[in-house]
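Trainee: Here is what each chain is made of, one letter per residue.
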Amino acid sequence: MKRFAGWIMASPATLAVVIFLILPVAATISVTFTDPRGLLGPYIWYFESGFRRTVLWRTFEIAFATTVISLFVGFLTAYVVSKSPPWLKSILIVLAVFPLLTGVVVRSFAWLIVLGRNGILNNFMQWIGLTDAPVTMLYTQGAVIVAMVYLFVPLMVLVLVGVLDNIPDDLVQASASLGATPVGTFRQVILPLATPGLIVGAVLVFTASFTSYATPHLLGGDQQMVMGTFLHQRAMVAFDWAGASTIAAIMVVVTIVTVLVMTRIARRLNPMAV
Amino acid sequence: MTTRVNPFLIAFAALVYLFLLGPLIIIFGASVSDTSYLTFPPQGFTLHWFENIWNISAFRRTIVTSLQIAFLATGLALIIGIPAAYALNRYRIQLPGWLSTLFILPILVPEIVLGFSLLRSINVGAGFPIFMTLLIGHTLLVLPYVVRVISAALSSFDFSIEEAAISLGSPPLKTFFTIVLPNVRAGVIAAFILAFITSINDVSVSLFLTGPGISTLPIQILAHVEQFFDPTIASVSVLLMVLTVIVMAIVERTLGLTIVAK
Amino acid sequence: MSLPLSIQSVTAHYGTTKVLEDLSLDIRDGELVSLLGASGCGKTTTLRLVAGFLEPTSGTIRLGDKDLTRLPAHARNIGLVFQNYALFPHLSVRENVGFGLKQRGVASADRNRKATQMLERVGLAHLADRLPAALSGGQKQRVALARALVIEPPLLMFDEPLSNLDAKLRVDMRVEIRQLQRANGTTSVYVTHDQEEAFSISDRVAIMSEGRIMQLDTPETLYQRPANAFVARFVGFENLISMQVETREGGSVVARTADGAKLKLSAQRFGEIPDSFVLATRPDGLLVTSDPSTGGIPATLGLRTYLGRAYQYQCETGAGHLVANGPLSSPLSIGEKAWLVPVIDQCAILAPE
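Residue numbers (our numbering), protein chains in the order written: chain C, 1 to 274; chain U, 1 to 262; chain H, 1 to 353.
Treat the hints as calculated values from the structure; they're not laboratory data. Incorrect hints may have been included.
As the list claims (entries may be wrong) - Not the full set, but computed from the structure, chain H residues with beta-carbon under 8 Å of chain U:
1) T11
2) H13
3) G15
4) H74
5) F99
6) A109
7) I334
These numbers come from a predicted model, not from an experiment. Ideal Cβ positions, reconstructed from N, Cα and C, are used throughout, including at glycine.
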């Protein structure tokens, strides 16, 4: 009895994940390999079309740009937050948590008001005389990237504040005592120690933006179709479930490969691993 | 222990925070604008748009559905997640290492793929009603947060306290409720809140699992934005943010916010 | 009420690793027995088996007439004191002490009275309404003790109860534990890795290694007459010298070491002496002298260290490396020739390994 106690307690959750996650997702993926068009038929179908290739490539571009910008912005901000005096630090953390707890829809919708033809940014640019006529910003790749960066910077800041706080102050002092300048210490001590954390943050942001739906739907529309919106369009508008399953399979593969490869790299790079 | 930080960096961080909070302030402004279109700064002041939420029956209905789903899914995830988290900590030697990975799978698998797969296999394939499929989807969606947060709380729990209670004659199940659970209370509350907020805000899983008369608030917002670009959306968003602020205040008062940041 | 504990041929595994092998141990009614050994020797495993947190693969555990082997832990009625106290952090001191009584259905008024009485006995009645977090280490340990005693268990078990306290408090607490145990006459098992603690507190001590009991005896016997090389080394017999009996006459024998040093031993002290045996001495029982006429073991002196009461020498001899003490009055230096003389009544005799 005692030998199985752990299994008994873990079994409801285990069964739930197996029955309602693993099996359905495996079923979605497996239909792409039993397609009447032949073994890799659905994938040949996918990559035949220039439009579909563009959707995949665009999704990569947006996810990559979002990740790089969020890393850069998030890391510098996290550095300032982690070096702030305690009272300010807790305020700054709360201010980063708040947007994170606000839904994706609300936060993406905010950018509709900012970037629209009669939006704040256009009004402002016309007011200072930068342009005469409203500039089209909505439904561009840039709009999607800006809104996604907005979505993920708080997450990055919180992850990286945690990472930076874990770097002992002694190391920074030791580095200074050995003659390193502040910039030198940052480059030679802080950055290498933060790298595994940076990778974890990058993986989170990359996979989340690669598979996002609401933000590209609201700010990119049909003009900037990405994998998430494309999947929804195939499944719910075109009722092409075979196509939707193929898109789903590609998303799962990209996500899992990214996570596996990057966590492996992060583990190898982690100098503080026990 | 203060390290001097480059003033340019400080200015940069200040701009980032402006960037983070600005759009949320804009939503607040737009929600009270006395115009039929969304604009900022607001022109005039009215609470008409908040009233309007209640006048649109789709919003009324979806708010109720979202709350139902969020409470039920969080409850279910706690019911199956707490024993799982307990087992992972208490019987670590007995259970294989991949089991803890299994419980974070719902985070690894793209939500939108989960939603679509549940529609295919569970709703259409197995014939489960939409509401039930939606509930299953949300339960899985929030399960990883429940398992992770409660595991974290249990990892600092000293299990000899549980043994002490048992040795004093308290049966194991009773001991779990009277000794273990009260000591990881903070973790349970944090898990509840995190799960609840995740469920309330979800789009990608719910996207496929809506049907006649059943939809969630975020999906309804998306649908509304496509047809009307009026401040009702801003006022709904404000409602959601106020809800978030209330929840954050409760967390801050009871546990401190660092628990969410983990 | 107090009962004898009997562990018969118990074997236990953690997963597939065997941690206890065919262990038997009988503890008499009212006796305090310590399980002493390094970490991983099986002492805590034995305690957890008796408490019911582990199930043995085979063997039986009995308390009085009752077979505990398959009884769930909460039904065993054993008082446990944990290393880290294991106080319930969300309950007050009084509620902690009353917890076991509550499980036994004792009414709340009665429970409070008994808990308060017990707290008075350990001198903590004034802290009854505090939460455990507000107590010092020593106070926590007293609460843990009170909590285990108040249910008047037929068996008390202590799992390294003092190892989180500082040295001074440790000595005070062990006296206190012993006094309470004596006063109640409760059969007790006391797990520790601290030899001084085990010897000072126990009626008998079981020295354990690799899941087996190497010797179970009174502290005096263990200290003077270890039964084997493991126990001898454990209680400080650092020098183990192989010897052969040369002649036997009447009650005594003459034996010699490998390099010819001779010793006379009386059977009166050591009992039956086998033809070949190991002479065990502590450094205190092996005297360094520069006088060859003493007939000791010839040695070359190595490093000398100062102990306060004596000098200690690392010595190279034909019988191997030995550690011996010499008088403060005549320090010798590295490289000098010397002779090592065993003090017979501080020696022990062991069977050859």
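Trainee: Mind listing which of the numbered hints don't hold for this structure, in increasing order?
Mentor: 1, 2, 6, 7
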